[in-house]
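Chains as they are written, first to last, in the working numbering: chain A, 1 to 322; chain B, 1001 to 1325; chain C, 2001 to 2273.
It is possible that part of the hints are untrue.
Said to hold, decoys possible - Here's a subset of chain B near chain A, in silico, CB distances under 8 Å, partners left out: (1) E1043; (2) T1189; (3) A1192; (4) K1196; (5) G1254; (6) P1260; (7) R1261; (8) Q1274; (9) I1276; (10) V1279.
Stated by the list, open to error - Simulated crosslink set (DSS-like; lysine-lysine; CA at most 30 Å straight-line): (11) A:K177 / C:K2158; (12) B:K1196 / A:K147; (13) A:K271 / C:K2158; (14) A:K272 / C:K2158; (15) A:K271 / C:K2167; (16) C:K2158 / A:K152; (17) B:K1087 / A:K272; (18) B:K1271 / A:K204; (19) A:K30 / C:K2167; (20) A:K272 / B:K1271; (21) B:K1087 / B:K1132; (22) A:K272 / C:K2167; (23) C:K2158 / A:K86; (24) A:K147 / A:K204; (25) A:K271 / B:K1196; (26) C:K2167 / A:K147.
Just so you know, the hints here were simulated from the structure itself, not pulled from any lab data. Glycine included, C-beta positions come from ideal geometry on N, C-alpha and C.
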Amino acid sequence: MDSAPEPLLRVEDLSVHFPVQGGVFNRRRKMLRAVNNVSLTLNKGECLSIVGESGCGKSTLALSIVGLQAPTSGSIHFEGRPITGKAQPSRIERARMAQIVFQDPYASLNPRQTVFTSLAAPLRLHGIGNGEVESRVEEMMRLVGLKPDQAKRFPHEFSGGQRQRIGIARALILNPKVVVLDEPVSALDVSIRAQIINLLLELKERLRLSYIMISHDLSVVEHMSDRVAVMYFGQIVETGRWESIFANPMHPYTRRLLGAIPDPFAELSGKKLIDEAQAPRPPSGYDYHPQQFDRQDVYSAPQPSQLVAIAGDHCVRLAPVA
Amino acid sequence: MNGALLEVEDLRIDIGSGESRHNAVENISFSIDRGETFGLVGESGCGKSITALATIGLLRRPLAISGGSIRFKGQDLRSLSAREMRKLRGNRIAMIFQEPMTALNPLSPVGRQIAEMFVLHQGASWHEAERKAVEALASVQVPAPDQRVKNYPHQMSGGMRQRVMIAIALACNPDLLIADEPTTALDVTVQAEILKLMQELCDARGTAVLMISHDLGVIAKMCRRVGVMYAGHMAEERAVADLFRTPAHPYTRGLLGSLPRLGSRGAHGRKRLQEIEGVVPSIAAFPAGCRFEPRCERATAICASTQPGQTDLGNNGFVRCFHHG
Amino acid sequence: MGLRFNLVIGGVLCTLIIGAAVLAPWLANYNPIMDADLMNAELPPDAQFWFGTDAQGRDVFTRILYGAQVSLTVGIGSQLINTTIGLIFGISAGYFGGWWDDLVNGLTNLMLSIPSLIFALAIMAILGPGLVSLLIALGLTNWSWTCRIARSSTLSLKSQGYVQAAKTLGYGDGRIMATQILPNLIGPVLVIATLGMGDAILAEAALSYLGLGIRPPQPSWGNMLTDARELIVIAPWAAIFPGIAIFLTVLGLNLLGDGLRDWLDPQMRTRRA
């Protein structure tokens, strides 16, 4: 990626709020603010990782991007064209823009359909003729490292890693430009993860894909990403190229996340990944935002703060000192 | 090894009966000294969890111990009656599980669930036990423990629930704590807190820990010695530092090579991760010889036909492989 | 092994009963209505009357064969209606949620709060007796369980990866419900439907007893039992044989339902192979 980055998908000021009912007799509805004013750009050929812990809104954001969750406000643009709100394209049109690979390879395949049906039905739906369907399924099986004749089988006849390959094949069968990877390896066995990570990176080069990866596993994120966005309670707190995030993490939450990873090699060498004594200070007049990470109110609007560029596209969320 | 707290020798566990009987775990030997933390690491289906359940006498049909011995403080646990075993469980040997929400009783306040341990094993009165429960909750660093004892499990976060589980497990100052993936369901920052807490409490009380995990990082952080299990066999058993520095078994080497290492991309650029080809065999189709043979790069004819014995590696470590090193 | 057993025994029983119903005119030696002969009344089973005769001297065997037509029509027909209604309401309510879900939920709760027999009784009273009104009455009143199961299964299925994936692949809602959700409901719904057939056969008996179902002299297992009630001591065969017929039918349907459920599950099927 030496050429200038070419924006492919842009998320602009996106918020997703869910109504939560208090109880049978409590009709007053609270809004759970899963995603608050998130803006992101995915460039062509890039892997952008969204990192955070459970409940930070990263999965909701992913679902919005593939059209499975309508945003409350804000918009998403694909190749400059809005794909949310009134201008929303049909499902058929949208299918060729972005696809998703799910975390759990056991729940992501229909147990009553053979792999062939799972892969061929979308092709037929998109008007592709029978002869071509078969060759396309065959090609896709090979591409993800499976044998074409295995397509006759049902999902339960495959191991977790093989199922994840099938999930990837299904996501790629319509030649989408963007693939959202929702924790693609965290449900897999350790010895299988490397296979899938390598496969995803190979496919990205070979098919010129762009990835948005959702993950909580920072070692996988470092290995795969070009850019990283760290999310905490619905907001991006730090974003930038992978080198800056991992070599020079600034936001206390990012540092906390990095410091919490039990890395076997760091553990044994006694070398800490994060040295709190060397935490970089925020620009004068500002504090990092948020400051505390124990209890967050997900129902009220967050305190005013802004994502400020520190160096290049390395941005950190700051709030003026009170 | 004198003074070993738990000695497991040649443990063998089978699943099913008659024609559909298969071996799940075989030739498992390890020992844990007082106050020591021993790790069992392996992928799902490698038998680490059932090995742990066997040591606490909680195996249920169709699983059953079919050979070997488990000695706790020199006493053979397999010879104990169900009643004697119950007196030991929760009292001298305690266990915490992966999912605290399913391990806790949803209909009872957590304070009562802790207090129950004192009543059951120490003959305390309920009144006294409830007071001790507050102390126990304070010891696992739950804020406002006198209020929190009244909470039900669903009113707590995952991290808090796991703290409650630890409080219950450590209530009677057990000699051995078995922790089966205690932090797998938790976020990394919460995991770090829980691991630190477990370490501090067990160090202070001299509790030995049998730590079960698939996460090599957790094992490296918590344990002094570790056994690597693969498909029901102990592939390698080493001091943790030795294991990571000079892994001997091809499986361990493959596993370590397959991990994306934090910081390595910055130092050396992105390298293709080393893969272990193939999949873990199912219990019904374990190979006759070395169970890693079908996936092993170094496999030769002998690996397919013969199970490798233990090769001593010094420093109390061993490997089961014909072509280790 | 057990799998095959259920399917085979259930299948054989159901085939026999359906065969009996269809071939009744050729299998029976008598006319079920016209061949009444008081001289032959209440005869025990013998070579001439295999299952004995009833109070009017009609052949019980013949009437059971013809009664099977009524019972099976009522059982299968009413369950077809019930299952269709239950599936349409249940799947759409679970899938779309919102006000439609609230409405369907209210309706099922209402249906469940009134005994379905009372409901059927009311419908029969309006429509009058007869086979068609029986089908309508029993077909409109017993779909709540199917609906509930379909709704709750849909709720959990719709968050599964493959249903979500189908949406992103461009499937329309109708196609998703038909190809991704419906096939996964077949197991539980089949079981409910087979149990419901047994219920419907018994309900037919009850309604016939009240004079609202199949009108005598037209035979149905229900009104045969009713008629035989007074003869239970002197001519027990007149009650026992229709009773056995109902028992075997319900048993056969249940075994078949269980067998089909397992057989339709690809996981069980390939494990067997």
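The hints, checked one at a time:
{"no.": "1", "hint": "E1043", "verdict": "holds (4 Å)"}
{"no.": "2", "hint": "T1189", "verdict": "holds (4 Å)"}
{"no.": "3", "hint": "A1192", "verdict": "holds (4 Å)"}
{"no.": "4", "hint": "K1196", "verdict": "violated (10 Å)"}
{"no.": "5", "hint": "G1254", "verdict": "holds (7 Å)"}
{"no.": "6", "hint": "P1260", "verdict": "holds (4 Å)"}
{"no.": "7", "hint": "R1261", "verdict": "holds (6 Å)"}
{"no.": "8", "hint": "Q1274", "verdict": "holds (6 Å)"}
{"no.": "9", "hint": "I1276", "verdict": "holds (4 Å)"}
{"no.": "10", "hint": "V1279", "verdict": "holds (4 Å)"}
{"no.": "11", "hint": "A:K177 / C:K2158", "verdict": "holds (25 Å)"}
{"no.": "12", "hint": "B:K1196 / A:K147", "verdict": "violated (46 Å)"}
{"no.": "13", "hint": "A:K271 / C:K2158", "verdict": "violated (46 Å)"}
{"no.": "14", "hint": "A:K272 / C:K2158", "verdict": "violated (44 Å)"}
{"no.": "15", "hint": "A:K271 / C:K2167", "verdict": "violated (47 Å)"}
{"no.": "16", "hint": "C:K2158 / A:K152", "verdict": "holds (25 Å)"}
{"no.": "17", "hint": "B:K1087 / A:K272", "verdict": "violated (43 Å)"}
{"no.": "18", "hint": "B:K1271 / A:K204", "verdict": "holds (15 Å)"}
{"no.": "19", "hint": "A:K30 / C:K2167", "verdict": "holds (28 Å)"}
{"no.": "20", "hint": "A:K272 / B:K1271", "verdict": "holds (23 Å)"}
{"no.": "21", "hint": "B:K1087 / B:K1132", "verdict": "holds (20 Å)"}
{"no.": "22", "hint": "A:K272 / C:K2167", "verdict": "violated (45 Å)"}
{"no.": "23", "hint": "C:K2158 / A:K86", "verdict": "holds (25 Å)"}
{"no.": "24", "hint": "A:K147 / A:K204", "verdict": "holds (21 Å)"}
{"no.": "25", "hint": "A:K271 / B:K1196", "verdict": "holds (17 Å)"}
{"no.": "26", "hint": "C:K2167 / A:K147", "verdict": "holds (27 Å)"}
Comparing the model with each numbered hint stated earlier shows that hints 4, 12, 13, 14, 15, 17 and 22 do not hold.
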